[in-house]
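So the sequence lines, in the order shown, correspond to chains R and H. Anchor point for the first sequence: position 231 equals 230 in numbering that gives the first Met the number 0, and the numbering is continuous, going up by one each time. Anchor point for the second sequence: position 147 equals 146 in numbering that gives the first Met the number 0, and the numbering is continuous, going up by one each time.
Hints in this document: simulated from the structure, not taken from any laboratory. Built from N, CA and C at the ideal position, the CB exists for glycine as well. Be aware that one or more of the hints could be misleading.
Stretches of chain R that chain H covers, calculated by requiring three or more beta carbons in the stretch to come under 8 angstroms of a beta carbon on chain H [said to hold, decoys possible]:
id, segment
1, 49 to 59
2, 113 to 127
3, 155 to 165
4, 230 to 237
5, 249 to 258
6, 365 to 371
The calculated DSSO-like cross-link candidates involving lysine-lysine, where the alpha carbons are at most 27 angstroms apart (straight line), are [what the hints assert, rightly or not]:
id, chain 1, residue 1, chain 2, residue 2
7, H, K317, H, K328
8, R, K155, H, K248
9, H, K156, R, K228
10, R, K248, H, K155
11, H, K250, R, K291
12, H, K420, H, K328
13, H, K238, R, K155
14, R, K156, H, K238
15, R, K238, H, K228
16, H, K250, R, K228
17, H, K317, R, K299
18, R, K103, R, K14
19, H, K420, R, K291
20, H, K156, R, K156
21, H, K228, R, K156
Protein chains: 2
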Amino acid sequence: MSNCTSSLQGSCKKKVRLGFIGLSGRGRGLLGNVLEMDDVEVPAVCEVYEDRLQMGIEQVEAAGRPRPEGYKDYRKLVKRDDIDGVVIATSWTTHVEIALAAMKAGKYVGMEVGGATSVQHCWDLVKTYEETGTPCMMLENCNYGRVEMAILNMVKKNLFGELIHCQCGYEHDLRQEVACGYENRHYRIHNYLNRNGDVYPTHGLGPMAKCLNINRGNRFVSLTSMASKSRGINEWVRKNKGEDHPLAKAKFALGDIVTTMIKCAHGETVLLIHDTSLPRPYSRAGRVQGTKGIWMEDNKSIYIEGRSPEHTWEPFEKYLEEFEHPLWKEYLSLGVRGGHGGMDYLVLRAYIESIKAKTNTPIDVYDTATWMAVTALSEESVATGSSPVAFPDFTNGKWINREPGIPSKYALDNVYENCFKTET
Amino acid sequence: MSNCTSSLQGSCKKKVRLGFIGLSGRGRGLLGNVLEMDDVEVPAVCEVYEDRLQMGIEQVEAAGRPRPEGYKDYRKLVKRDDIDGVVIATSWTTHVEIALAAMKAGKYVGMEVGGATSVQHCWDLVKTYEETGTPCMMLENCNYGRVEMAILNMVKKNLFGELIHCQCGYEHDLRQEVACGYENRHYRIHNYLNRNGDVYPTHGLGPMAKCLNINRGNRFVSLTSMASKSRGINEWVRKNKGEDHPLAKAKFALGDIVTTMIKCAHGETVLLIHDTSLPRPYSRAGRVQGTKGIWMEDNKSIYIEGRSPEHTWEPFEKYLEEFEHPLWKEYLSLGVRGGHGGMDYLVLRAYIESIKAKTNTPIDVYDTATWMAVTALSEESVATGSSPVAFPDFTNGKWINREPGIPSKYALDNVYENCFKTET
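Isolated chain R (complex conformation):
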């Protein structure tokens, strides 16, 4: 057998050289993951804030790596001819312009999650990919979550029968993060004050999109969004920072709860919730429902006709062993590492292995554009009183007969058991 590291790393021994753009908490978190990989080098980092830039540089050095070059202007970083890819972890609204520059410079894009500010920006990603041939991958870590991958495996093994309906969301009490956005230089505050729609759809939607074969045989055709009133952040500020704080009475554009319904070409529906301004425990609100059964995240339960006792939920745990995704089986046996329950490490490996293999990424530019577009379309729907909004076909018809994605351990369009045969 190969050693532990190479089993998740693949057999190719060549080094991958990455530049990191954006060194906030999230950027440095991803950087920390990468610095533990012996096949990745980080010769360059970039950040507009001087203090964060220094922290990033020092983080690389502290890991025993050569001191990276530091940049304040991403345009200079992407032009270096000694890097293979750039990881973008800047504020949401700057992701796309950096990704476009990186693709044009021939650097594999690994872009943190976030929603698009316009549908045009999504088209720009697609067009630039098609012109340059440089892959662009949204680093949606939740697609590599243990539960999400088991669900994907269940779907592909037809446990739920024909899929009919999915639910998902981002339900995370972020009041403090938003309300302290100015002092912490966090971009959420700007978005919440100014935009109304599902500003952060992909943690929930990415995994569901893969279950539903979006962009490979299926596609999103329309959506409609509805936003509640906005109260949560104001109230948090009043209670925690006082009535006189400027944000106590600021008018937040973003509704506390934004609900979105999406219709698929083959008749499935997806319900998506954004819920980050009210007190609550965390959930991604997953639900997958087909002609044979249903899974729900919130009660950690599953019901499969013919297997489950009639009308009775069974613990999801009971099905996990049988349907554990082979990537997670391997990962668990090797030892889970890194942030967010281990999925950050996996999504980065997926990106890095694609660079090594010179293949497209498991989340490709069409996925990235489609998932990000939900934000802009959701804003459009909310702005027009929950009108239905047509979803662009970013594949321009290729989704109908598109060939399967690249088989690999990290593939998300299918589960390739063969890729997990024990290496000798």
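Using the hints provided, position chain H relative to the given structure of chain R.
Leaving out everything else, chain H in the frame of chain R:
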């Protein structure tokens, strides 16, 4: 103290005389509840099917009551001058015409749940009530469910703070009931084959509407609905009745999952799900969320900021004792009776006590019209590609400053603790 019966029955000793229209399983179930009440007489029953009519007549006699007069034509029953009210438990699409005739004849209407086939029908209910002064109550038993009443009590005691978002639904595997509709003379099959929208919204929506003060200070202003493809009934028929059964390939109009988003005048959103054609355990999918906390039915949990451990769900059970609705406290101490966990009995008592007191009903004609209208509006939205549809204001502006409902044990607009002081 009064005896057990009169405590739930109130102090008025006069008899209430009811006619029953519709004697299917549901109608006879309600009849059974009423026959256990010593202050209710049933001099007349009505049903279009002869066998069911006889079963109803015999049921009354078997309870030791005088043999009721049997009718096939409801118009004759409602004209009797010796009855105070009529309970309507016919097929959905016939509820309104019977209710209109009953109101015109001065009989308190107790109408089983169901959705409207047109908005005009809802206006007809309102107009006829306003012309005749005869109350019309949807017998929404779920408004009297133990959990729902505890939630109402929590809302009125401000446990959740300002309400922002509610969810609810009717998630009940009814494939067999629908698929065997012809042989069992059940109307769901006709609706499922021909209509697409949320055909059964009120079990979930009724309780949420009361939490949200709909028609008394708040109102529903718009909705949009989305329907998934239809697969569940066909598949059930193929598996259970064979490929050659006519329903195996029949085209069902109703999507297996219909999702509806409703916006309220004061900015709250309500998410409503109809899910009856796929295998799953039962749920009404309740969720109530405000600035201070959240309750979810599916994980039987609650989270209240400042009370619950941070980011951690607590069992709903833990809060039930403190927030048990006083009606249920009394009911539990007296002994819960009747179908559906005891709520059928309570909703009938609510109706009967209103007749005795000659007051309006706790669910009044405006509530009835509003809740039923969701079905017609949902069909309209689905038919127009999930377009937003404006909600009629059935109160014609009265909702803005409408005076409180009648204080009683059974009130749903508020919790009147004073009505539960021990009688001596």
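Straight-line Cα separation of K317/H and K299/R no greater than 27 angstroms?
holds (20 angstroms)
Does the structure keep K238/H and K155/R at a Cα separation of 27 angstroms or less?
Judged against 27 angstroms, a Cα distance of about 22 angstroms means the pair holds.
Is it true that the CA of K250/H sits at most 27 angstroms from the CA of K228/R?
violated (40 angstroms)
For the pair supplied as a hint, K248/R and K155/H, confirm whether the alpha-carbon distance does not exceed 27 angstroms.
Distance ~26 angstroms between K248/R and K155/H Cα, so the pair holds.
Pairwise hint evaluation, K328/H against K317/H, where the allowed Cα distance is 27 angstroms at most
holds (15 angstroms)
At least three residues with a C-beta closer than 8 angstroms to a C-beta of chain H: is that true for the segment 155 to 165 of chain R?
holds (count 4)
Can you confirm whether chain H covers the segment 113 to 127 of chain R, using C-beta to C-beta distances below 8 angstroms and requiring at least three such residues?
violated (count 0)
Could you grab the alpha-carbon distance between K156/H and K156/R and see if it respects the 27 angstroms cut-off?
violated (48 angstroms)
Holds or violated: K103/R with K14/R, Cα cutoff 27 angstroms?
holds (22 angstroms)
Chain H covers the segment 365 to 371 of chain R, three or more CB atoms within 8 angstroms, holds or violated:
violated (count 0)
Examine the segment 49 to 59 of chain R for residues whose CB is less than 8 angstroms from any CB of chain H, and state whether their number is three or more.
n = 0 at 8 angstroms, threshold three: violated.
At a Cβ distance under 8 angstroms, does chain H reach at least three residues of the segment 249 to 258 of chain R?
Since 4 is at least three, the answer is holds.
The earlier numbered hints that this structure contradicts are 1, 2, 6, 15, 16, 19, 20.
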